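Take the sequences, apply the hints, and build the full model.
Chains as they are written, first to last, in my numbering: chain Z, 1 to 298; chain R, 1 to 418.
Honestly, I wouldn't trust all of these hints.
[To be verified] Simulated coverage check for chain R against chain Z, where a stretch passes if three residues somewhere in it have a Cβ under 8 Å from a Cβ of chain Z: (1) 71 to 84; (2) 186 to 198; (3) 235 to 245; (4) 384 to 392.
No lab work stands behind these hints, which were simulated from the structure alone.
This structure is a prediction, so every number in the text was calculated from the model and none was measured.
Here a beta-carbon is modelled for each residue, glycine too, at the ideal position from N, C-alpha and C.
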Amino acid sequence: MTRPPLKLTDRIARKLPQIVVAPSFTAILFFVYGFIIWTGYISLTKSKMLPNYNLIGFRPYERLFQMDRWSVALENLFVFGFLFIFTAIVIGCLLAILLDQKIRAEGFIRTIYLYPMAISFIITGTAWKWIMNPSLGLETVVRGWGWESFSFGWTNSETMAVYALVMAAVWQSAGFVMALFLSALRSVDQDIIKAASLDGASPWRIYLRIILPSMRPVFMSAVVILAHLAIKSFDLVVALTGGGPGYASTLPANFMYEMTFRRNEIGVGAASAMVMLATVAAIMVPYLYSELRGKKHV
Amino acid sequence: MKTISLSLVSALALSAAFTATPSLANPKAEVLHYWTSGGEAAAVKSLQEAFAARGGEWVDAPVAGGGGDAQAAVLRARVLAGDPPAAVQIKGPNIQEWAEAGALADLSSVASAQNWDAVLPAAIQDIVKYEGNYVAVPVNVHRVDWIWANPEVLAKVGATVPTTWDEFNATADKLLAAGIIPLAHGGQPWQDATVFETVVLGIGGVDFYRKALVDLDMDALGSDTMIKVFDQMRKMRGYVDPDFPGRDWNLATAMVMRGEAAMQIMGDWAKGEFAAAGKVPGKDYICASTPSENGYLLNSDSFAMFGVSGEDNEQGQALLAELILGTEFQETFNLLKGSIPARTDVPRGEFDDCAIKSMGDMVSAADGGTLLGSMAHEIAQSGAVRGAFIDVATAHFNSDMSSEEAVSKLVDAIKLAQ
Chain Z
1 MTRPPLKLTD
11 RIARKLPQIV
21 VAPSFTAILF
31 FVYGFIIWTG
41 YISLTKSKML
51 PNYNLIGFRP
61 YERLFQMDRW
71 SVALENLFVF
81 GFLFIFTAIV
91 IGCLLAILLD
101 QKIRAEGFIR
111 TIYLYPMAIS
121 FIITGTAWKW
131 IMNPSLGLET
141 VVRGWGWESF
151 SFGWTNSETM
161 AVYALVMAAV
171 WQSAGFVMAL
181 FLSALRSVDQ
191 DIIKAASLDG
201 ASPWRIYLRI
211 ILPSMRPVFM
221 SAVVILAHLA
231 IKSFDLVVAL
241 TGGGPGYAST
251 LPANFMYEMT
261 FRRNEIGVGA
271 ASAMVMLATV
281 AAIMVPYLYS
291 ELRGKKHV
Chain R
1 MKTISLSLVS
11 ALALSAAFTA
21 TPSLANPKAE
31 VLHYWTSGGE
41 AAAVKSLQEA
51 FAARGGEWVD
61 APVAGGGGDA
71 QAAVLRARVL
81 AGDPPAAVQI
91 KGPNIQEWAE
101 AGALADLSSV
111 ASAQNWDAVL
121 PAAIQDIVKY
131 EGNYVAVPVN
141 VHRVDWIWAN
151 PEVLAKVGAT
161 VPTTWDEFNA
171 TADKLLAAGI
181 IPLAHGGQPW
191 QDATVFETVV
201 LGIGGVDFYR
211 KALVDLDMDA
221 LGSDTMIKVF
231 DQMRKMRGYV
241 DPDFPGRDWN
251 LATAMVMRGE
261 AAMQIMGDWA
271 KGEFAAAGKV
281 PGKDYICAST
291 PSENGYLLNS
301 DSFAMFGVSG
311 EDNEQGQALL
321 AELILGTEFQ
331 ETFNLLKGSI
341 PARTDVPRGE
351 FDDCAIKSMG
361 DMVSAADGGT
371 LLGSMAHEIA
381 QSGAVRGAFI
391 DVATAHFNSD
401 MSSEEAVSKL
411 VDAIKLAQ
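Structure representation (C-alpha cells):
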C-alpha cells in the first residue's frame with residue numbers, strides 16, 4: 001500500500017517555518033558569522049589603510065600586545081568590568097529588596113530607578129562629565145557650601161578616571177538590575193516563605209538563605225547582560241572622559257576604533273576585535289553550556 | 001513647412017536632451033569633503049559657485065562629523081567598490097598612501113598649464129606630488145606654531161610675548177606668582193601633541209625636528225635633546241590650570257580672550273574665535289610665532305583627485321583642480337576660513353595682520369628651508385606613526401612620567417608603528 005503523494009500546498013505548509021526563518025538566518029550567517037571570520041582573517045594580515053589578503057601570521061597580535069595603549073585598555077576593561085558588574089548587582093539587589101517591603105508608591109519609585117536605563121550612554125556620559133567637572137559641577141557646589149577641601153576631580157585624574165566610568169555606568173544600569181531582581185523576588189514561592197517565617201526565621205535570614213539562593217538564574221542573566229555591556233562600552237568613554245587624561249581611561253572598543261578608523265592599522269584593529277570576541281566568548285560559552293545542559297535534564 | 005521644421009527642431013532638441021552626446025559633455029565632479037559647518041561650509045560653497053559658473057556640474061558629497069574619520073570610511077568603501085569620487089578632501093601622507101594604492105589621477109597637464117611649480121613652495125609640493133607628478137591640489141595653509149596672547153594680562157607682570165623658551169618660562173613663572181594661568185590648554189591628545197611639536201621645533205631646532213619627527217631618525221628620537229624637550233613639556237604642564245583635561249581648544253582660546261589666561265599655543269584656526277568675538281589683532285590679542293629659529297610648521301588641507309572614468313568626469317576634475325589653485329578661489333576661500341593661500345602670489349590686501357605675517361613668514365621659511373610639515377596635524381606623519389607620537393606625548397603630559405622614560409617609550413612606540 002502506497003501513501004498518496006502530498007499536495008504542493010501541504011508540502012509548503014510543512015516547510016513554512018523553515019522558509020520564513022531562512023532569510024534572517026542567512027542574513028545573520030553572512031553579516032554576523034561571515035564577518036567574524038573575515039575579521040579573524042584580516043587580523044592575520046598586514047592590512048594598513050586598505051584590507052590586504054596576504055597572511056603574515058600572528059604578527060598583528062604581537063604588535064597589539066606590545067602597545068602600551070592596549071595594555072592600558074585591557075587593564076581598564078578588567079577593572080571597569082569587575083567593579084561595574086559587582087556594584088550594579090549589589091546596588092540593584094539592595095534596591096529590589098527595599099522595594100519589596102510592600103511600600104507605598106512602589107510603582108512610582110520603581111519607575112524613577114528604572115529611568116536611567118532609557119537614556120543612552122552618550123547622555124549619561126555628558127551629564128556626568130559636567131557633574132564631575134571640578135569647576136562646574138559637584139566640587140564647586142560642595143565647596144560653595146563651605147567644605148573647602150572637598151575634591152571630586154575624578155575625570156581629571158589619571159588614576160581615578162576609570163572609576164568615574166564605573167560610577168556613571170552603575171548609575172545607568174543599577175535600576176535595570178533592580179527590575180530584574182524585583183520580578184524574580186516576586187516569583188519566589190510565597191508558601192516557602194510563609195513556612196520559613198512560621199518556623200521562626202528572621203526576614204534577614206529568609207532573604208539570605210531562601211530567596212537569594214533561589215534567584216541564582218537571575219544573577220547569571222544579570223552578570224551576562226552587564227558583562228557584555230562592559231565589554232562593548234564605547235560611547236560612555238567617548239562622552240565622559242574622551243579616553244583621557246591622555247589615554248588613561250580608554251577601553252578595548254575605543255582602541256579598536258582608534259586603530260581601524262584613525263590610524264590606518266586595520267590589521268591591529270582586527271586583532272583587538274578578535275581578542276574582545278574571545279573575552280566575550282570566555283564568559284558566554286560556559287554560561288550557555290550550563291544553561292543548555294540544564295534544560296536537557298528537565 | 002514652417003510647422004514641420006519647428007517640430008523637427010523640437011524633436012531634435014528633445015532627442016539631444018535625452019541622449020547626452022559625449023562630445024558636448026558637461027564637466028562633472030563629485031566632491032567628498034567634511035567641511036560642513038560655519039566658515040568652512042561657506043568656503044566650500046564659494047568653490048561650488050565658481051565651478052558652476054564655468055559650466056560644471058558639482059555633485060556634493062559631504063560627510064559630517066568625526067573630523068574626517070567618517071569620511072575616510074566612506075572613501076574606503078567607494079574605492080574598494082571601484083566607484084571613487086572625483087575629488088576628496090584628504091591631506092598629508094594619506095595622499096601618498098592612496099597614490100601608492102594606485103587610486104589617484106595624474107594632474108600633470110593641468111599643473112604644467114597653470115605653472116603650479118612656480119607658485120607653490122617646495123614643502124607643499126612634496127605633500128601633493130607622488131613620484132614627481134601632482135596627484136592632489138592644496139587648498140590652504142594653516143600655521144600651527146602660534147602663540148595667542150592677551151597683551152593686557154602680560155602687561156600685568158610687565159612682560160611681552162616671549163621670543164625664547166627661557167623667556168617663556170620666566171614669564172610663565174611670573175604669571176603664576178601673580179595668580180594668573182600662564183598657558184590656556186585643552187588636555188586632548190592632539191592638543192598635547194600640538195604643544196609638543198612646537199617645543200620640539202623650539203628646543204631642538206629645525207634640523208632636529210626634521211630628523212626626529214619627519215625622518216624618524218632613531219638616534220634623534222632617543223637623544224638628549226629629546227629629553228630636554230620632555231623636560232620643557234613637564235614645565236608646560238605646570239603652567240596649565242588643573243581643569244585642563246578634556247577641554248576643547250576653543251574654550252582655551254576663550255580663556256585668553258577673557259583674560260583668565262595669558263597665552264595659548266594653537267594653530268591659526270584660533271583666530272576665528274577672536275574674530276567672532278569682535279577682537280582686533282595687535283590690540284586685543286597678539287599673534288606671535290612660538291620661539292624657534294624661523295621655523296614654520298604648516299598644516300595644509302588639500303583635495304586628492306581620484307582616478308575617474310568618462311570624459312565628463314575627467315573634464316570636471318581638471319576644471320576643479322584648476323579652480324582650486326586659482327588665485328581667485330585661494331583668496332576667497334582663505335578669507336572665509338581664516339587660513340592663508342597655499343600659493344604665494346595671492347594679493348595680500350584683504351587679509352588681516354596675522355595672516356599677512358603668516359604669508360610673509362611662509363615665503364621666507366620656504367626660502368630658508370625651515371618650512372616643515374606638522375606632525376600633530378597629519379602632514380609630516382599620519383596614521384600609526386602620528387598616533388604613536390601622540391600617545392607618548394599625551395601619556396607623558398598627563399602623568400608624572402620622567403623625561404628619560406618618555407624618550408625610551410617614544411623610541412619603542414615609533415619602532416612598533418613603522
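Hints and how they fare:
1. Here the segment 71 to 84 of chain R counts 5 residues with a CB under 8 Å from a CB of chain Z, which clears the bar of 3, and the coverage holds.
2. Residues of the segment 186 to 198 of chain R lying with their CB closer than 8 Å to a CB of chain Z number 4, which satisfies the three-residue condition for coverage.
3. With 4 residues carrying a beta carbon less than 8 Å from a beta carbon of chain Z, the segment 235 to 245 of chain R meets the three-residue requirement, and the given coverage holds.
4. Counting residues of the segment 384 to 392 of chain R whose beta carbon lies closer than 8 Å to any beta carbon of chain Z gives 4, which meets the minimum of three for the stated coverage.
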